[in-house]
Amino acid sequence: MAYGIRLHVWGRYGLFTRPEMKVERVSYDVMTPSAARGVLEAIHWKPAIRWVIDRIHVLEPIRFQSIRRNEVGHKAPAGNIKRAMNRGDLEGLQILVDEDRQQRASTVLVAPAYVIEAHFELTAKAGAEDTEGKHLDIFNRRAARGQCFHQPCLGTREFAASFALIPPDAPLPFRDPQAETADLGFGTPRDLGFMLWDIDHAAPGRPSLFFRAGLRDGVMEVPGPDSAEVRR
Amino acid sequence: MTTLSRRHDFVLIFDVTNGNPNGDPDAGNLPRLDPETNHGLVSDVSLKRKIRNYVELARTGQDGFHIYVEEGAILNDKHRQAYVALRPDDPKAQKEPKLNPKDDAEAIRLRDFMCRNFFDVRTFGAVMSTGINCGQVKGPVQMTFASSVEPILPVEITVTRMAATNEAEKKKTAEGADGDQRSDNRTMGRKHIVPYGLYVAHGFISAKFAERTGFSDADLDLLFEALVSMFEHDRSAARGEMTTRKLVVFRHENALGNAPAHVLFDRVKIGRNVDGAFRDLDDKGLGNLAPARKFSDYMVKIDQEDLPSGVEILDLA
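If you read the sequences in order, they're chains A and B.
Going by the working numbering, the letters in the first sequence line up with residues 1 to 232, in that order.
Going by the working numbering, the letters in the second sequence line up with residues 233 to 549, in that order.
Rather than coming from a laboratory, the hints here were simulated on the basis of the structure.
Treat the hints loosely; a few may be bogus.
[As the list claims (entries may be wrong)] Calculated pairs, DSS-like style, for lysine-lysine (alpha carbon to alpha carbon, straight line, at most 27 Å): (1) LYS370/B / LYS82/A; (2) LYS440/B / LYS75/A; (3) LYS440/B / LYS134/A.
Next up, chain A with everything else stripped away, as it sits in the complex (with noise of 0.2 Å):
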């Protein structure tokens, strides 16, 4: 844990798909382990780094809303554009949006607030030059300056998400003590179910994993990557 850092994330909306609701999403109730790695791979990424989720604090009540909207119901056909790139010519390829509508509903979280704790392992693509101190210092000097490769989200790319870095020795951001009910685990746990835990990239077919989630004070705690408590 030498290496840990802690990054506060907020923003007006959070879609967390929950994978078997995803035609009409339906957001989980807390941030995704997997969402949390995109965040901060939005900041700072190399293929020599594999950031790893710690545990995420909730810092606001989970509250849902609904929204509605118009959405295109195909992916783009890679036989119609290899067509058309080798005929030259872009006739047919544009997609016909009021053709080809669905009207999907979102059950996105309203004012999400969280606090990501994370630190990252040297992959095995590291070379001599690569340095935990090195990733380190340049995932802190981008996250205190604002910078970012690109402006992370929380779950969708609508739903943009601020953040700022907590240095090593500040507090965590302040959290209404209203917002310290049962839904967030104060008092007694509570039991979030099965969730995403990541995908697996590495593996054909890509699967996904999944873990017992629940909150404890306001806190998810998130398995490490070897942890029996990863399911397949």
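Following the hints, complete the assembly by docking chain B onto the known chain A.
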């Protein structure tokens, strides 16, 4: 064309007068509302649609400015034929990918082809299913929901129509009529309007993603042009009068940025105009003030003092 080398963040301020900026399909096309605060909302996709429509209008048929996610009929098939004629050497060059099909290299070629030809793929990205690689293009431009600066009050207006849709409807209304000619054949309809609403949207442009999709400085200018003018070409019975009132762009010296976006956004302050004086919107003393009905009821202040080094403010509208 040089790709964008600096990060930008922007604040778009637009208003609506007696119109519905964005209907909510869940609420019978009522203007979108945040149910907790009654602030109005306009979805990111709604604004992106208008940008696409503007580019389609402004750059019809021009090389590299096609719109992938199109609305309505294809008007420029003819232009596309001209496009084929303009690039006679293409078929030869484009046959090469056949040598190495179905691998990442080809996926990249497909992606680049789409980015090169379609402005919206280059700007907002697109999901392309290319078999091995899921071929997702993340665009450099990211937009958030716009929300009104004060609670809005949607008003329902009932309108009538003097004609019937079909014979049966005509007969039915005739039977129920009490002889008043004017009420014969009439159908009632509903319109939802916001008397006035000032909305703010935030946007982010990542220079690093621009490198990947080839989003250039010229594309950036076109994007800003679209943000300023898009409502001018989106007139309809439902929208009322919508206008871009301000576009404040924060240009960073560095590709990764020189300051946090939320700190920069806080420099754009909107308050009520009380006899020429700026009053914060959460000022308790505003309670007796009549509701805002025009842009001059508001004041927009941009704090130019002590800008973080390497950040430049552009006031584009």
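message: For a C-alpha distance cap of 27 Å, please report whether LYS370/B and LYS82/A respect it.
response: The given pair, whose Cα atoms are some 20 Å apart, holds under the 27 Å limit.
- prompt: When you check the alpha-carbon spacing of LYS440/B and LYS134/A, does it fall within 27 Å?
  reply: holds (21 Å)
message: Would the hint linking LYS440/B and LYS75/A be met if the CA-CA limit is 27 Å?
response: holds (24 Å)
Hint compliance for this structure: no hint is broken.
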